Amino acid sequence: MNTLIQYLQYFLNGITLGAIYALIALGYTMVYGILKFINFAHGDILMIGAYTGLFTYLALLGESTNAAWMLISFFIAMLVSMVFCAVLGMFIEKIAYKPLRNANRLAPLLSAIGVSFILSNGAAWMFGTQSRRFPYPFDDTPIVIAGLSITPHQILTIVVSIIMMIVLTSFVNKTRMGKAMRATSLDQPTSELMGIDVNRVISMTFAIGSALAAVGGILASFDFRVYASMGTMTGLKAFVAAVIGGIGNIQGAMLGGIILGILESVGAPLLGIPSALRDTIAFATLIIILLVKPDGILGKNEREKV
Amino acid sequence: MKKILAIALVAFIAVFSVFAGGASEEAPSTLKIGFIGPLTGDNANYGIRCSNAARLAINEINAAGGVNGMQLELIAEDSQGSVDRAISSYEKLAYTDNVVAIIGPVFTSPALAVAQRCFEDGVVMISPSATHKDVTALGDWVYRTVPSDSLQSEVAAHYFYEVLGYRNIACLYAMNDYSQGLAEGVEDTFTSLGGTITSMQTCMVGDRDFRTQLGEIRATNPEAIYIPNYTVEDAQILEQASQLGMNIPFLSSDGFSDPEIYNLAGDFTDGVIYVGPAQAEASTILVDFQAAYSEAYNGDAPDSFATNSYDATYILRDALTRVFENGGDLADIDAFRASVNDEVKATDDFEGANGIINFAANGDMVASQGVYDVEGTTPVYVGSFQVVDNHIVQVD
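Sequence lines, in order, name chains A and B. For the first sequence, the residue numbers in the numbering used here are 88 to 393. For the second sequence, the residue numbers in the numbering used here are 17 to 412.
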């Protein structure tokens, strides 16, 4: 019984981690779906999102300790950060990727790595390299039920992630812009001939992906804290999650994120190996999945991709 | 065209090297002391405080007239806490800057690597903070003003077992030389005393999620958890343990003495007991140093390693003074460095901020250990302890 609760606890922690990975993985997968290119600067967008959120939140809060205002400031800060990152994402696309759209496929990849370094080193230079706390906008006392503990910030993480994913899915499936995105990912030249403004679709994709990264970054900073290199490892893992789920596939990114989070939390104790090797398990799983199913779990070539 | 370019290049190099050669033959007007430590990155707090303390000491020494009429100069190199950067920092300091001695490296892994080079090249190195027992294993040229891990873990295990009365404890440590050295040292001593280590959990440096390890530890039901890590890891561990509803006492090491921990996890530090540097009784040098440091660096408080770094600088000052008294000549840097080594080794009852400092034959500091009990966010000094005949003894 005790062991059961212990593993349920790992599972729960894994889902929270996974929800964050999933949000970030969406950005990788959407951009890949449309441009067939891995935006390696995506992880650093989440770091910028976390800093923007933190500074906005602290500025709005000031000296106030009013519980309602704390929560309101937090959501305003999240919104500000999403808008800021969306604009930043579109801007980066315009100056660093768009001019290279018809170049060798490796060129935009290198450009993305360059942007990644500029962002993370720039943040280290501007904000310093020490970790900062993101203060909880509510009382974070854990809720313990039958030995199983969950904190309000974990609940927030899961709820916000689910809302974001539902909104994104209905946006892609129900709106004209979503339809244009799906069309562009299927066949870019034909979509252009049918009168779809491909440049706008691409800009929109970067905006949405970056806004989701901002949310992921803010949620991640409760568990990981805010620091200049926070995007590197988290971004890499989200990328892995996107590949596990089937890159280019939105549901795949969500599934991959959750699977990776759970693997990280449960893997080491389940196999009885030292926890220091938890990342090894995650990446070993990636290799196995790719060997068995190179397109990822939900990756099918005929499936609609965004 | 190519030929002209080549000739121009050769001429340029020739002229340049004449200038460079000419510059180095001039008698240096300052005594250069190198510093290696992390000045950027997640652990920059340690390196910045240590270099600040050394710089403070040097400014004081210079204001008092320097050594033998020469001013001291601190050249601080950023290792970012990594071995390869520490080695390139060392090479710059030893070969290009021609420093007379080096303070640092701050972290154990870089210190192990640089110690080997100092031993081969004959450069004195005094680390204010590298605690792994092997740092001084080479026996010469390498000193430290921080007690060795073997001493710290021995006192820690005895204190946990004999004074606190724990019989079952668990460890959660990062896979680096510092944390692993302490955890394994405590494991050895604690088990030899008859105690049980219920679980040895590991993590990587830079990990942020420790909930799985804490869950594993909770399942083994220990009386306390020993976390000999650096600030960022310890802060996360304390907070996540509280989030998991764990109500178990935490024990830590001198890494906990950095006040940054209270910024990152101030709500969770109450009740943590850690073994760190012993405090000298009513040392006015320490009080003066803390006040001077705080004034020089915008009210920031020095950690224990910074205090060690301050002492190391004055030990070097005394050694350099004696070198010049014995007719040391900077023109032959190798011979000069050798006499610095002799004089540092000859340090006898040096009176520093940390009390009386002597070096053992291998370069280790002879010292007792301090125990601290954190109340809220204030570490309260319990006392100084030594292990004598396999029993813990309070020294003061």
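Since the hints were derived computationally from the structure, they do not count as laboratory data. Small disclaimer: the values here were computed from a predicted structure and weren't measured. Virtual Cβ for every residue (Gly too), placed ideally from N, Cα, C. Be a bit skeptical, because a hint or two may be false.
To be verified - Away from chain A, derived, C-beta distances all over 10 Å, residues of chain B:
#	residue
1	111
2	252
3	261
4	280
5	352
6	366
7	398
What the hints assert, rightly or not - If the Cβ cut is set under 10 Å, some of the chain B residues that face chain A in the computed set are:
#	residue
8	222
9	251
10	390
Unchecked claim - Here are some chain A residues pointing at chain B (derived, C-beta under 8 Å):
#	residue
11	97
12	361
13	382
Against the structure, the hints:
{"no.": "1", "hint": "111", "in the structure": "holds (28 Å)"}
{"no.": "2", "hint": "252", "in the structure": "violated (8 Å)"}
{"no.": "3", "hint": "261", "in the structure": "violated (4 Å)"}
{"no.": "4", "hint": "280", "in the structure": "violated (6 Å)"}
{"no.": "5", "hint": "352", "in the structure": "holds (36 Å)"}
{"no.": "6", "hint": "366", "in the structure": "holds (33 Å)"}
{"no.": "7", "hint": "398", "in the structure": "holds (29 Å)"}
{"no.": "8", "hint": "222", "in the structure": "holds (7 Å)"}
{"no.": "9", "hint": "251", "in the structure": "holds (8 Å)"}
{"no.": "10", "hint": "390", "in the structure": "violated (18 Å)"}
{"no.": "11", "hint": "97", "in the structure": "holds (6 Å)"}
{"no.": "12", "hint": "361", "in the structure": "holds (5 Å)"}
{"no.": "13", "hint": "382", "in the structure": "violated (29 Å)"}
Going down the numbered hints, you'll see the structure goes against 2, 3, 4, 10 and 13, while the others check out.
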